[in-house]
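A.B. asks: Sequence:
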Amino acid sequence: MNNINILNISNPKVNLLDLNREDLKIFLNSLGGRNFSTQQIMNWIYKHYCNDFNKMMNISKKIRNELYEKSYIFAPQFIEEKISYDGTIKWITSIDNQKIETVYIPEKKRSTLCISSQIGCSLKCYFCATGRQGFNRNLKVSEIIAQIWQANKILKQKNINNHITNIVFMGMGEPLLNFNNVVSSIKIILDEYAFGLSKRRITLSTSGIVPALNKLRNIIDVCLAISLHASNDSIRDVIMPINKKYNIESLLNSALKYLKYSNANRGKITIEYVMLSGINDSNKNAQQLASLLKKIPSKINLIPWNSFIGSSFVCSDMNRINIFANILRQNGFTTVIRKNRGQDIDAACGQLTGNIINRLK
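Counting from 1, position 350 in the sequence shown corresponds to residue 490 in this note's numbering; the numbering is continuous, with no gaps.
One or more hints might be untrue.
[To be verified] For each label pair, taking beta carbons as the anchor points, the in silico distance ranges come out as:
id: 1; residue 1: P152; residue 2: G418; range: 54 to 60 Å
id: 2; residue 1: N358; residue 2: N462; range: 36 to 42 Å
id: 3; residue 1: K435; residue 2: P152; range: 50 to 56 Å
id: 4; residue 1: N358; residue 2: K264; range: 28 to 34 Å
These are calculated hints, taken from the structure and not from any lab test.
Each residue gets a CB set at the ideal place from its N, CA and C atoms; glycine is no exception.
Full structure from sequences and hints, please.
C.D. replies: Structural data, given as structure tokens:
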């Protein structure tokens, strides 16, 4: 089995939400189940949100009894919900007395779920509230998948027609520092017997864990977003300490190699760039960024910085952001100024800490 220790000493039972199809098949075979039972059980779990083996009537009684003895289905529940004036919903899950956040962002033609991969974050990016809180632990596959599982259930209960069409790993944590569990989760998200999303509807955002990104391209293909946020190493060293280990050149080279292997990205990766007044938003910075990316097929998302308690940064004003964007466009880059969603409930980019309200008043 790839990443699962079935006989965990603290809990000898296996949570089936920790298993992708390959792992589940191996587990069921160990119980004497046939291969087609794998698809049947996944259908019950992910299409019907069923966590009761008794209701899986097309599974043999013998296998159901074995499943009861050696496994369970558990998705941590959302304990708090906050709804923004713009329709964005933020959910909080309590895990080991720590909290993670999941954000649902409805739009006219799609609905995106922003999910977390870690409790906290170890990268300490200075403009990000999650990085300021420190790192607790990686999320298990079941804890990542549960965010989607519970969100789907709630949207169905609320009779919200905007079902989840896109998943972005842009919540709490650095996905590539929880490599195995994130990859296994993506396999479940892609699986036709589970959530069945296209690889072009899954985006993984990384601050630049270069060895993991090099490894990823040989394992799975999803849309890639690079959290760059600076036009040179001097600035990035200060606001993103990870740059001292993996600098911009090494990160962009790795991203370019990933792009060559990828169909999901349609020939371009996304560059994320938070706009910080007086830090990275000058005309010179825009020209530097254009030069930096001239050999990287990309589209650029400019992100107005979102405030949080304890930070001294200031968001660039909209006039400065527009000027910056126009310089990039004049250099031939598709450039979008991201519309802030859920800012009033601290659900916007960089504000996730596990608290309902964390922003400056």
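A.B. asks: Now look at each hint and say whether the structure bears it out.
C.D. replies: Hint by hint, here is what the structure shows:
Checked against the hint of 54 to 60 Å, the C-beta distance between P152 and G418 comes to roughly 57 Å, which is consistent with it. For the pair N358 and N462, the beta carbons lie near 40 Å from each other, so the given range of 36 to 42 Å is met. In this structure, K435 and P152 meet the distance hint of 50 to 56 Å, their C-beta atoms being roughly 53 Å apart. Between N358 and K264 the CB atoms are about 29 Å apart, so this pair conforms to the stated range of 28 to 34 Å.
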